[in-house]
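These two chains come separately, so use the hints to put the complex back together.
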Amino acid sequence: MTTAAPPAGAGTLDSRSRERGALATLLHGLRLTPELRAGLGVTLALALLATAGRVVVPIAVQQTIDNGLSGPEPDLGLVRLACGLALLAVVVTAWANYLTNVRLYRTAENGLSALRVRAFRRVHDLSMLHQAAERRGSLVSRVTSDVDTMSTFMQWGGLLILVSAAQLTLATVLMLFWSWQLTLVVYLCFLPLVVAVRSFQQRLQAAYGIVRTRVGEMLGAVAESVVGAPVIRAYGVQARTAERIDSAVDATRTAQIAAQRIAALTFSAGELTAALATGAVIVVGVLLGVAGDITTGRLVGFLFLVTLFVQPVQIATEVLNEAQNAVAGLRRVLGVLDTPSDVADPGEAGAVLPPGPVGVRFERVGFAYPGGPEVLHGVDLEIAPRTRVAVVGETGSGKTTFAKLLTRLMDPTRGRVLLSGVPLDELRFSSLRSRVVMVPQDGFLFDDTVAANVRVGRPRATDDDVERAFDELGLADWVEQLPDGVRTPVGERGEALSVGERQLVAIARAYVADPDLLVLDEATSAVDPATEVRLQRALDSLTRGRTTLAIAHRLSTAEAADEVLVVDAGVVVQRGSHAELVAADGVYARLHASWVAQSR
Amino acid sequence: MPTAPSAVPRGVIRRGLWVLWQAVKEEPRIFAVSAVGSALFALTTIGQAYVFGAITARVLVPSIERGDVSAAALAVSFLAVMVVAALKVVGIVARRLGAGIMQYRLQAAYRRRVTRRYLELPLAWHQDHSTGELLSNANSDVEATWYPIAPFPFAVGVILMLVTVLGLLFVTDPVLALVGSVIFPAIAALTVLYSRRMSPLMTRAQQLRGEVSGIAHESFDGALVVKTLGREDDETARFAVKSRELRDVMTAVGRVRGTFDPLMEALPVVGVLAVLLAGTSRVGSGDISPGQLVTIAYLFTLLAFPVRAIGWVLNELPRSVVGWDRVQRVLRATGAQTAGSERLRHAGPASLDVAAVSFSYGDAEVLHDVSFDVRPGRTVALVGPTGAGKSTLASVLVRLLDPDTGRVAYDDVDVRALAPGAVAEVASLVPQSTFLFDDTVRGNITLGADIPDAEVWAALRVAQADGFVAALPHALDTVVGERGTTLSGGQRQRLALARAVVRRPRLLVLDDATSSVDPQVEQRILAGLRAAGAPGEPGMGGGTVVVIAYRRATIDLADEVVYVEDGRVAARGTSQELLATSPGYSDLVHAYERAEAQRAEDARAAVADELAARDLAVDDEVRA
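First to last, the sequence lines map onto chains A and B. With my numbering, letter number 572 in the first sequence gets 572, and the count goes up by one each step, no holes. With my numbering, letter number 125 in the second sequence gets 125, and the count goes up by one each step, no holes.
Isolated chain B (complex conformation) (with noise of 0.2 Å):
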């Protein structure tokens, strides 16, 4: 992480400005709305100070002076004052209400543009960014960059309430028009100083605000490595230095907010007091009335707070730069794959090629040349040890991933040139870790597309989960995934599985897909595969397949296997005649048999040892 700068540079003042901008442009309506509230506010505040005024020369101190008072003078003055208020109340609900509307909508907008980018941008970008990263950048960076819209319009009233101010300053007695454009400009740079030093810390405390919640995420995601292993000192401890930091910065933003908070709210009372000196005299040299000394000592009192939001915006530029600049990256983001507007026409299995296919994660090359081909209706399985890359080449069999050589074809057509959606509607994938969705068990194998019950009850029935489906509270209403019903991890497994069956893929592709499955359902599983679909009975028959597997029953079914050994295809054949001929494979296959014989051979070696010992301390018997 980079540590904040020590001052903001004076650009990001400029640049965050030119972010507003684009705000006014994008919602130019509201934003007028706002502005104009923010204006009748500010007039309006300036109208109560003058209506004070008036009221207290021309009816307060001729009335007490007199010692009498007419019932027209004092409606009227009561009248003005809820005038002006109503006014100013009419003002601020527009400002107030415009300024929210304005900045939820453009949070609205830009949520909607990221999290489309999101759902644009290829798999590869995905894995560059962590999941944290994504949605701060869809949460609160959105926020961050529209944060200042809400004092923005109250701001823009509040400068043109100043120039008012100091205007009418000017017209009343320019003694205490010096003593205006002394204290205000004096408020302003204040303000702007206080955002000087108030912004780098806040950026520093958003960034630890991240980091403290990563920790915390990541921690509670670990949380059973953490019990089974005992480590929550550690974490704790871990977490508490972020924690710390945290409060020193957040102490030290305290301290800063508590220097200038006192000097900002001093300030106006001093102006007041400098009116009240000056004014006497300029009172009793008969320049200015009492009427207008009042009013003006008003005014300074009305207008000690609204001047703050001028720093609530420029305190906020920074941020919202920041998090401009963090959205605008994902929008930006380019290598979105490119679709093409091929479709293809035929019906039943799909064929597959392979060819000379090499893919890598930024500089490490995970698949080298690899090429295979599988004909329409036959089952290859893929078959290699841990870390060989067969997950990868499962993501490039169906498009998550581009090869950054070679291609990949169905029917012939690479799948580079298929239209959009294309693809998805001739293969399916089933990952090997399973992902569900926040929605009904229905609405998971669906997945939206109108199929009817029927034929979801079918795919249920061949991925072996009719059985606990029926049983959950609300059979396929049920909602399962994160708020849902918990399910283990062999049922999340068949649930994925009957996701691709229900949509009869033309070429299904099965990443490890039943490794939480037990040893007998997953054979029933097969089977249902295996079996040609009847109408109305959505089997894998005769559909094309590749299938990542380990178990030789998976193997088996397999007409062809594809052995895969450090990102290569190390061999290729049936399953007899790679036993014969590959090393590798014969050796991942035979595994549990060899580990077999081998406690056999170890059993006797440890009996004949036994039995020798036995012998010699029998000798040794006979011999005493």
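Same shape as in the complex, but just chain A (with noise of 0.2 Å):
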């Protein structure tokens, strides 16, 4: 049987990250990615120097009319002049513009996709628990759209972030130069949009917030769609399907342009921003110019400014929102990042396992799932290395679970597990993998072939081994009657096959691994019973010498155990031989009496 209980407390990757601030978050992001502080001093100079060639032309429009035309007849001569260096400086700032993109993109797209692999890695570090209390769409978008997001705002919201603010903080300077009043007025103008666009972006937000949930939501109904196919058709639900689907994607449009009202209001505050200011300026300018505190051209000048200082506020109404964006999914993946793994690798520093077969001793291990209550009560045993044993109960006895705290998917919640005497929780990864290999009921495959799935067991293994690894478990019947032999596809997921070719296969990958303890939880479920007696006969005498430990509802598999651990109420109430446990009053002569009613 699969995971039980939904674990209900190991479930939020973002708790810790929701918290931070925006900026908070950004530190952090930099933090956690040395690749994205690499040379950024050199680029923020690069940057400011590339700001410079913006406030070119307001300067040249004054000197042109100061200076220019001033006089009876043009100065071409210093036209020409003010021209000529506006030109270099055009020159000069466009290549230092070239430098800071080419080496913000090189350093953002190399820290991103650092930071991709980093989450990715990270979330196949995350214990089962958690990788189970996540949808597994959230966890895929944590390693890509989110972190896309952040690309896609780095390709050209982050530099204009970069730029517009040393624009506006130039056009300040210059236009400070020419006329502090004129400032002030401009300041007065965009004063109740700095405070307007506060309440804009959390509407904003606030909008998008929505058409993300409501996108996933359709997507899911989408999928429904896809992977429900077969249900679908069988049970002819598929007006009821489409109106699912329909509400979904309406409702996502509805959110959509609700979301596209806001930006377009708040883009239109902006440009109503920039004519009040533009007007306010030729007012107060004109009374300045007519009192003789300003002259003709610096005026003019004044007014290109006003068009650089409205420019950044534009486009941070534009960019603030992409910058939410990418903080949203910096925050999610960073949700991944801050996670610490609640079953930790002790990594170099944890011991290896002694050479040879594996005993097993559970020391009064009692567990629970994350806000359930305890399923499995004080366990204490010992299994001897190379005895092959096998695990029974009822469903929800706590027989799975058994398996994995033995393969340390999870750890106790009380108690410890041992193997060959050496604490679980003290063995390093790369020991306990390769040595104790477990085989889930669900024989997962990746697209690829039979051969390649079986190499996951064992990278090195050629196709010839593969051969005889089937070849071993008495499957090359099975091999043979494949279209392509080992070199069949399997499909998206193993599809391709059976439910049972499946699990003949994963049997096959653990088999190749070659590991000591191998543990077979309900491995063989959906495999027919003469391939299953063979399989197991082969398994039986091809694992002489290592422990095995199997999880089974079917009985046959007890009956040719060692030993038999009978699992109820997450007590082990019997162990013994297959025979002895027939013969005694208990738990298991009333599943055999059942299994033999069913089976003969």
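These are computed hints drawn from the structure, not numbers from a lab. Among these hints, one or two may not hold up.
Where chain B lies over chain A, by a calculated footprint (3+ residues, C-beta under 8 Å) [said to hold, decoys possible]:
hint	region
1	106-114
2	223-233
3	360-373
Keep in mind that this is a model prediction, so the values were computed, not measured. Don't be surprised by glycine CBs; every beta carbon is placed ideally from N, CA and C.
So, in structure tokens, the structure goes:
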């Protein structure tokens, strides 16, 4: 059986990162991604230089009007000089701009790729409970679209924010130099916008939050129509499914348009403010000019500067939205990186399993799923090396939990598990995973050939090795009838094969891994009895000398084992050989009677 | 995966524009709104420059020269600026909102169409396409197709703006017009060049994003295998390779953008400088006024940004065309199962007739000339080794798949002649792997049909699921499926069984539907299915049942056994008959008993060896 209970408390990958503000998230991201920090200082300096080019036009206009056109005859020489210098500035800043861009993109993409790979690795390092608590799609988006959002932002928004900030500063300095009074006017005009933008941003963010939720729901509905295709057809519920999809699609559209409305209004506010500032500068500027406080050229130049001032504000309204998306993405990626693996690899510091067959000891082991009741209570037992043990019990008795604790997919909440005398949590994973292999019930296969899937167990195995493995397992006949032998592709998730066939490949995969402790969790539940028995016999002879533990509800497995453990309500209630337990009056005898009634 | 072409073929821009034209045809009204908005925006942008120039010439310069200004002149100036800006804002809102609504409406419409097609196309078509591919057809491909819609009206407005500006320039001053007619085409040319360089990279990036996501999906799906075999390093390495490829492409995108962006920014500035230089001498010669010079310089400043909108559209066209093609592949896919118009009028159990059915996946035929029949109310067990084709046969029985040759008939009516939905009214399949909708327990069982709770509970009782469902936090209203309460494999199977039972199907097909259920529970389920369904108590008593099974108890339920081997009916008869006549069947059914006998034999032999060895030892001792 698969996981019994939902791990209620284990679910939130985001609990830590959600509390952080945008800036703190950014700094935390930089701290975790040294690649992003490389050469950042130089890039910032270049960006500043690149911005300088933007104030060239207002200055050139001012010079032309005040000095070039002020006399009775235009001073062509002066205008030429001014324009020539301006051209030089344009070329230099364009070049600086180019360098900034390229540096920024290279650093950003490099950093994001590293971050993506780190997050991917982290997902695999999370405990099984954490993985199971997250929707698969949500885990995937943390290493795909969330990172892509950041990439998109860096590709156009990152530099824009940088340059815009510098442009704002530079424009202000020049404005102050020409007229502090007009500068004050401009700032006063923009003050309400700055306040309004904050509230617009909050509304926009909320609106996009809804969009994201709706898109998620829509994808879920669409996925149902694809994954559930057989059931939908078999039960003729196409119309109902179409309705569900349509309402999700329409809800998405409604949310998108609502967000678009807010975005359009925000942009308009910027445009109106710009006009207000321009109008005010004209009025106040002319009054100042009449009083002799400002020249015509400076006033006109100042009006050009206002456009320079408007641009960053306009861009900010656009970019901040992207920035918020990017920060949200970063937050979700960091959420993965910040989640400590509750089943941690001690790594190099950890112990290595002593060579030879593995013995198992459980010391007062108890286990409860997060937020759930205890499902295993104080289990004390010892399994000698080279024993073949079968674990049987009714659904929900805790037998799968037992296997997961043994392979350290989960850690016990009480007591400890030891392999060959070494506490399990002190074993380094490289040693543990190469010596202890579990075959889960769901024989998941990768979208590749049969051989490639078997090689997952031992990467160096050749096709011949794979064929030999099937042969040794008594499965040569099955391989033979495949269209392309071991080179037959198995399809997405192995779905080109039947459920039972997938289990055969999964067993071959574990077999070539050559473990010292083999744990089979209902590994042959969908295989026909004749094949199962053949496989069983093959495994028996092949696994002599190693320890095997098989969880099964088919009692044929138990009959063949050296020893049977009977689990009932989280406690080992019986232990002994099949013959002894059948003779004893207990849970096993009852299970066995119904098994015999069914299979004979 | 095909590699991206090094340059965009010429046809792509043309085809992209054609796709845009389809969009205009589908949403003509809203497009008109946003195009008019965009035109308003364009004209007011030019208007701003002229207002600005007029204020400079008529108010600003003379007032400062005179050292005196009237309040009326200032008020008019201020108002003029505000009115033009207000008009511009109206244009912006109409353009942006219109474009957004158009884009999202089209997305929604095409998503509906694509998913509708998914529901119409037969299962065989689904089996040929991966889940990831179908999801991206409905999501990102539709999105990519209509992405250029967002900047499209803007670009239309910009073109109008450019034409107007050039016209105005010629009217104002031919020399300055010359500057304009060099700079604006240069910006346009740069834009086109830019998109030519950019779009293959963008296409490639999109493709790589798909691959990166594919690896993540698969790897996280198989997380348990990765963990139990300690493959984290290898999986990370596999992911890192693609991630780095994507990084390299995105860095190349950055390089192109980094090269073109500064150029695009510098060109209008160069234009303004050229205007100032040329304009100063024109002012000197009296051909234009200083006000006109300022107007034109300001115009260049205002135009620099909008001109890029053309580039945005062009950039997105190749992606849009790829998306359109992929969406069309779904919309035009053929092979929908055609239904007839017949309906079965009988009540009570149906008869099933399978005649000479063959079926292939691609080139590989997996069912060869399969024939058997089930009389109404009888139970037939399909038995056969792993990989014999039983599950495929089950799908053919309920017309999830149509056979290549041969036919399946209920009550002597070919299932292909039945009206849409009629098959589902007659037959229910419980597949081997369970699928639950993201819905409540009730929703998963009724599937939207109007079934009273009492009957739902009765079905749950037959499926031995009433106990655990009653214990769920909200009983029938508990949400299950991916986002809901996690259920064990056995619990999920029992819900799927209840889903079939509650419909009282006239033909029930069970594909190893109790494999994850404990033997005792399974026994109770089978007993429930056998029981005659009293009124209000759905049992399968009397219904026709085809059951795929390995367990002896399940097989014993059947009146008859069809033994399938290598996609053929190898033997048929009662279980007793087959045990005597079919070695393959007897091998399968007696596997456990023989295994036990063998073990007993082995044990005896071992004991005998032990004894013999001991005897030898004793002999040795005696001899010694």
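Hint check results:
no. : hint    : in the structure
1   : 106-114 : holds (count 6)
2   : 223-233 : holds (count 11)
3   : 360-373 : violated (count 0)
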